[in-house]
Every structure is written in structure tokens, then in C-alpha cells.
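**Q** The whole structure should be built from the sequences, with the hints applied where relevant.
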Amino acid sequence: MLNADDLVWTDTPRDGDPSQFDALYQEFFPRIYQLAYRFVGHAGEAEEHAQDIFIRFLQKRSTFRGKSSIFTWLYRLAVNHLTNVKRRNLIQEVPEQVTQDLRSTTPQPALQLALEKAIRDLPDGYRNVFVLHDRQGLNHEEIADILAISVGTSKSQLCRARMALRSKLQPYLTEARP
Amino acid sequence: MNDTDLQMISDWVDGTLPSDQRQAVDQHISQNTEWAEIAHDMRQLKRWSSCEVPALPAGAKHRLTEQWAKRRRYRFAQRAGAVLAAASLLLFWIWPKPVENLSLDPVLAQVSQAQQAYAEAVANLESLALTKLDHLPAEVATTYRDNLVIINQAIAQCEQVSRLNPSESGAYWAMARAYQAKIDLLEQVLRS
Numbered sequence: 001m002l003n004a005d006d007l008v009w010t011d012t013p014r015d016g017d018p019s020q021f022d023a024l025y026q027e028f029f030p031r032i033y034q035l036a037y038r039f040v041g042h043a044g045e046a047e048e049h050a051q052d053i054f055i056r057f058l059q060k061r062s063t064f065r066g067k068s069s070i071f072t073w074l075y076r077l078a079v080n081h082l083t084n085v086k087r088r089n090l091i092q093e094v095p096e097q098v099t100q101d102l103r104s105t106t107p108q109p110a111l112q113l114a115l116e117k118a119i120r121d122l123p124d125g126y127r128n129v130f131v132l133h134d135r136q137g138l139n140h141e142e143i144a145d146i147l148a149i150s151v152g153t154s155k156s157q158l159c160r161a162r163m164a165l166r167s168k169l170q171p172y173l174t175e176a177r178p
Numbered sequence: 001m002n003d004t005d006l007q008m009i010s011d012w013v014d015g016t017l018p019s020d021q022r023q024a025v026d027q028h029i030s031q032n033t034e035w036a037e038i039a040h041d042m043r044q045l046k047r048w049s050s051c052e053v054p055a056l057p058a059g060a061k062h063r064l065t066e067q068w069a070k071r072r073r074y075r076f077a078q079r080a081g082a083v084l085a086a087a088s089l090l091l092f093w094i095w096p097k098p099v100e101n102l103s104l105d106p107v108l109a110q111v112s113q114a115q116q117a118y119a120e121a122v123a124n125l126e127s128l129a130l131t132k133l134d135h136l137p138a139e140v141a142t143t144y145r146d147n148l149v150i151i152n153q154a155i156a157q158c159e160q161v162s163r164l165n166p167s168e169s170g171a172y173w174a175m176a177r178a179y180q181a182k183i184d185l186l187e188q189v190l191r192s
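Protein chains in written order, with the numbering used here: chain A, 1 to 178; chain B, 1 to 192.
Since the hints were derived computationally from the structure, they do not count as laboratory data. Hints are supplied without guarantee of correctness; some may be wrong.
Unchecked claim - BS3-like, lysine-lysine: derived pairs with alpha carbons at most 25 angstroms apart:
1) A:K155 x B:K46
2) A:K86 x A:K117
3) B:K61 x A:K168
4) B:K132 x A:K86
5) A:K117 x A:K67
6) B:K46 x A:K60
7) B:K70 x A:K117
8) A:K67 x A:K155
9) A:K155 x A:K86
10) A:K60 x A:K86
11) A:K117 x B:K46
What the hints assert, rightly or not - Stretches of chain A that chain B covers, calculated by requiring three or more beta carbons in the stretch to come under 8 angstroms of a beta carbon on chain B:
12) 32-42
13) 120-130
14) 159-165
In this text, a Cβ means the ideal position worked out from N, Cα and C, and glycines have one as well.
**A** Written out as C-alpha cells, the structure is:
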């Protein structure tokens with residue numbers, strides 16, 4: 001059984017090998033999809049981003065030199081991609097499809113919509129740390145590695161992100177207080 | 001309340017404060033409404049934000065495989081185009097230098113032998129690949145055939161240049177690249 005690093009180190013001549021592709025898919029694609037979903041909040045959109053990220057990963061994997069863990073490297077690739085996507089769609093509101101999904105699948109659609117929008121509207125630095133920490137469950141050391149920032153910066157970005165969200169979601173939070 | 005206080009509350013929510021600081025924050029929260037509200041709101045935001053990720057949409061792997069195959073074909077066409085462009089540039093650069101008193105020295109004889117060996121090796125590979133192409137989806141087969149035509153043109157141009165100016169080492173280099181591109185393509189067809 002190959003481990004994740006072995007899979008990545010395998011060189012390009014086996015690019016066309018279906019079993020190699022399958023192994024990389026099994027190991028990495030679900031994680032990329034999960035992360036993309038936590039950034040965009042919609043399965044279809046997350047799948048599209050995950051495809052782009054995974055293909056970029058396949059193309060670039062021979063440049064991985066093992067200085068960090070493969071998952072750190074992969075997350076960095078994913079966060080950069082998702083940040084660029086967000087910049088390109090800067091004026092875009094929460095997509096209609098996301099709105100419909102939230103309305104049909106969550107018990108508090110208005111709150112979830114407001115939350116998704118507020119997260120999307122955060123500055124990149126705040127948003128990346130917030131999603132990686134509070135949605136993806138990574139710790140500050142891992143986030144610092146992925147985003148190439150210090151642990152202290154990661155903590156302060158998270159705190160500011162929470163305060164920014166608090167300010168935007170004040171009516172819902174006030175209602176939720178005991 | 002200053003940034004340091006907010007940072008302490010945020011760390012308290014995550015449970016990453018050292019015990020002495022945690023006790024201090026506990027005390028503030030129990031005595032100060034503003035601290036209590038911020039701590040509550042940060043906790044609530046964290047709870048709301050942790051979302052269940054739905055399963056991958058059906059057919060995700062199939063769609064990914066198609067995308068990957070499409071990108072690889074595109075990349076290969078780009079490379080083949082680059083080889084052709086390099087060969088054309090070389091031809092333009094060298095043309096029409098007359099060659100006089102051409103004689104095959106030992107190095108050229110070796111090149112000729114290598115070319116012959118390549119031709120024999122690739123003939124078998126090519127015949128297998130062409131058979132395989134008939135069994136591939138029409139769109140895929142067409143892309144491969146188009147790429148093969150481009151590479152064959154590049155090889156022909158390189159061979160022409162090396163015949164016109166046998167002492168031009170760049171022509172052999174470009175020819176070797178074109179040969180390799182053809183072998184790569186044929187192997188790719190056989191693996192498809």
C-alpha cells in the first residue's frame with residue numbers, strides 16, 4: 001500500500017496509468033472537495049473547484065519536494081486557487097444555486113444565507129483563516145504552514161474574522177443569546 | 001475592550017489559553033456582560049460555521065477523468081506545436097544554405113544508423129497504436145491523429161534540415177525531440 005507521499009513522488013511517465021490515477025483520486029480528491037465545499041457552501045460549485053485544483057495538483061506534483069507534508073502543500077494549492085476565484089468574482093453575490101440549496105436543506109435558511117454571504121465578504125486573509133480553522137478544523141500551526149504566515153498572525157486574523165462576522169450577524173446572535 | 005482582550009476571548013473559545021489566563025478570562029466573563037456576550041457570540045459563530053459536507057455528487061469521478069483527459073490532450077497538442085514551431089524556426093534559420101562536397105563522416109554514419117534503428121522501433125509501435133486508434137472514441141482518436149500529423153511534419157522538416165546542412169547539430173537535437181514526441185504519443189495511445 002502506497003502512502004500519500006509515495007503517490008506524489010511517482011514521476012510523470014505513469015501519468016496515463018489508470019491505477020495510478022485511481023490511487024491519487026482516492027487519496028486526495030475527497031479532501032479537496034471537502035475544503036472547496038467549506039469555502040463555497042455548494043456541492044456542485046465545490047466539485048468544479050475541486051476538479052480544477054486536483055488537475056493542477058496532478059500537473060504540479062512532480063515539483064513537490066517534501067519540505068512540508070503533502071496535505072499542507074495540497075491545501076496551499078487549494079486555498080490559492082479558491083482565493084483567486086473569489087477575486088475574479090469579487091462582485092458576485094451568493095449564487096442562486098447556493099441560495100436554493102440552503103432554503104431547501106437547512107433549518108434556518110435565512111441565517112445560513114447571511115452567514116455564507118458574510119464569510120464570502122470577508123477580506124481574503126480573514127476568510128482563509130476562518131474557513132480553515134472554524135470550518136475545516138485545522139489548528140493554527142497547520143494554518144500558518146499552509147498560508148505561510150506566523151501562528152500569531154493566524155490567531156489574530158481569526159479573531160478579527162470572528163469580530164467582523166459578529167458585527168454582520170448581530171441580529172441573529174442577539175436572538176441566540178440566553 | 002482592546003485587541004489583546006478580544007484575542008484572549010477568541011483563544012478562550014478555542015481552548016488554547018494557558019490555565020492562568022483561562023481562569024482570568026473565566027472571571028471576566030462571569031462578571032462582565034460585554035465579555036460574556038462576545039464569548040457567547042464567538043462560540044455561536046463557530047457552531048454555526050461547522051457544516052456537514054454532503055457526499056460527492058454522483059458521477060464526479062467520471063467528470064474528473066474526462067476533464068483530465070481533455071487537459072492532457074491539450075497539453076500534448078501544445079508540446080507538439082512547440083516542436084513543430086522549433087523545427088520551422090530552425091528550417092527558416094538555415095534555409096537555403098548550399099551544401100557542397102558533403103561526405104558522411106563517422107559521426108554522420110552513426111546518426112544514420114540511429115535514425116534507422118528508430119524507424120524500425122517506431123514502425124511496430126505505430127502499427128499497434130494505429131490499430132488501437134480505431135477502437136477509441138472518435139473525438140479522442142481524431143485528436144491523436146491530428147497530433148501525429150503535426151509531429152510527422154516536424155520530423156520531416158528536421159530530416160530535411162539535417163540533409164541540407166549535416167554539420168548543423170541543432171537539427172539533430174530538434175529531430176531527437178520530435179522522435180521522442182512521437183514515441184510518447186504512440187505510447188499514450190496504447191495506454192488509453
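**Q** Of all the hints numbered above, which does this structure not satisfy? Sort the numbers upward.
**A** Per hint list: 3, 4, 5, 6, 7, 13 violated.
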